[in-house]
Structure formats: structure tokens, C-alpha cells
Amino acid sequence: MTLRSLLLATVACGTALPALADVNVYTTRQPELIQPVIDAFTEQTGIAVNLAFVEEGIVERLTAEGARSPADLVMTVDIANLQQIVDAGVTQPVQSDVLEQAIPAELRDPNGLWFALTKRARIVYASQERVAEGEVTTYEDLADPKWQGRICTRSGVHNYNLALLSAVIAHHGEEYAREWAAGVKANLARKPEGGDRDQVLSIWQGECDISLGNTYYMGQMLKSEEQREAAESVRIEFPTFEDGGTHVNVSGVAMTTSAPNKDEALQLMEFLVSPEAQAIYAEENNEYPVRADAQVSELMASWGEFTPDTIGLTDVAGHRAAALRIMEEVNFDG
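With mature numbering (1 follows the signal peptide of the UniProt record, and there is no 0) applied, the sequence shown corresponds to residues -21 to -1, 1 to 313, in that order.
Honestly, the hints are just simulated from the structure, not real lab data. Please read all numbers here as calculations on a predicted model, not as lab measurements. Heads up, some of the hints might be wrong.
[To be verified] Here are the simulated EDC-like pairs of lysine to aspartate or glutamate, each with C-alpha atoms no more than 16 Å apart in a straight line:
(1) 164 - 307
(2) 202 - 277
(3) 202 - 114
(4) 170 - 307
(5) 170 - 114
(6) 170 - 312
(7) 164 - 312
(8) 164 - 308
(9) 125 - 114
(10) 164 - 123
(11) 164 - 114
(12) 241 - 1
(13) 170 - 186
(14) 202 - 119
Throw the hints in and build the complete structure from the sequences for me.
Okay, here's the thing in C-alpha cells:
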């Protein structure tokens, strides 16, 4: 019997207890991706969670609703999206020893305005046949002419690639980043198009040899009967920055300024970084936990270990405007 059922039974017997409030979540993530961990939370606490999928305009919606917003939490992907929500002034700081102990400092806002829940590395998919092991080394190396005509990627102004370029700026400055972006563009086998999974298909079809992509897409493709063969034609390589580690991005959560069910919302936030919830994320979505002691799936373990870059994601997000300007200046998608 869940806690909610127990309380309802108690009330039926004549003992009045305060009803458990629901938690209302606005999310840009497809609800099916987070439903398993939400179900686990409800089963453990008896607190229901209402997910509202907001594909676009989440900041505008929260701003328009203001103090009347029913949303307690907002969940999204990409550090730039999280920072945009914070900058709009629609979130409130959260102080929690549970969150601070579970999440490394570089994966949460220093003022408690957002917290990472999972990590995804921006890595390289490499052809098993045409790229030797160890041939992919650093992000900086992707601009080397030896890769001319061998790289494919999605749009340079997509959030995932803008975050990577923002990290390049954080490491080397804007002038170097502009030269790097131009160098990668010169090495493209075709104009940027499609999503990360489309790049794997392009490698499989012989259009290019390597591509940029997020780790979890590989897990999705290997679980797909239609895409498994293409996925098996590539392997994951973890490039690093010359003076750092592998670039990671995140999915994350923030509490809204309105938060009508603040206490219950905090319970959900803390549950989402528990070992149980982190293991569900890894097994179901092939996303890396933020907790160092959480288990990854067997599939993810087979990809090998990597050292995440230590530059704070808040610093990375701060270079997004410059990254967008550089991508437009070099006409990356042209």
C-alpha cells in the first residue's frame, strides 16, 4: 500500500489528516523519458506528480503566469536553457544538504537556482571500419585538415553544439574558437542537418567517418530494431580538451518562484538525485548519473570511462551569446 493509500484509509476511518499535495512540473522533456522515475517517487511517497509537456516557450509561459503559475518545478535539458530560465527571474533558490552533497559543485548553480539531474557527454561517433582506435583524440583536433570531408554534424546553432563551442571559448577564448569553428566547418562532408542519430546513419551509409553526438542517443539506437545495424557500425570515442576533460551537458531542475507546493516539490528534487532514481535514469535513458556512487547501465559501462571537464557549466552558459555569434560569422550551416 502506498503512503497516499494509507492516508486515505486513515481518513476513511474517521481520523482527519492533511491531504498530500501534488507536485506540478513543467518539462521540455518528453514525459515518457522521465515517467519511470516519477512513478518510483509516487510509489515511495504517495505524492502524485502532474507533468505538463511544454515543448516551446516555457520561459514566456512562466513569465506570463507569474505568481499565479501552478508550476512547482521546471525540468529541461541543456545548460543554456536552464540559465535562460534563471535569468528570466522565474525560479527561486533552494537550499538542501541532500542536493549539495549529491551533486558536484560544477553541476549546480552556486546560488541554488538550478541543479543538474543527469549528464550527457558530447562525444564522437566513429566508424568501426574507417577510423582507427585512438585516431580521435581532442576536440581541438577536429579542426585539423586531416579530417577534411570526414565529419558530419547537426546544425551548428543547435543548443548541443553551441554548448560545446561555448566550452571551447571557456578554454581558449573567442579568437581561437572562431578559428576552430571555421576549421571544423572546412572538414564537413556535407551541410549540417538532422539530429544526432541522423549522423550515425550518415556514417553507416559512408557519407562521413565521424560525427559529434550525445552518448544517450547510442543507447536509443541500439534498442531500436530499425537503427541497431547503423548503431553497431560506429563506436563511441571520448575526446577531451587539451587542458581539460570531456565536455558534458545536463538535464536539470529548478523550483519556480510561485511553487504552490514547495515542500513536496523539494521532496521530488531530492528524490531525483537519490541512488535509486539515478539508477533508473541510467537504465531507462542511458544518461549518466550526477552522483558518483550511482550505478550506470551495463550498456553504458561497455562504452568505457571518461573524465568530465571541470569547467563550471555556469561559465559555459555565459559564453552562449558569443558562441552563437561565431557560428553565424563563420556561416557554419551555410
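So which of those numbered hints doesn't the model satisfy? 3, 5, 11 and 14
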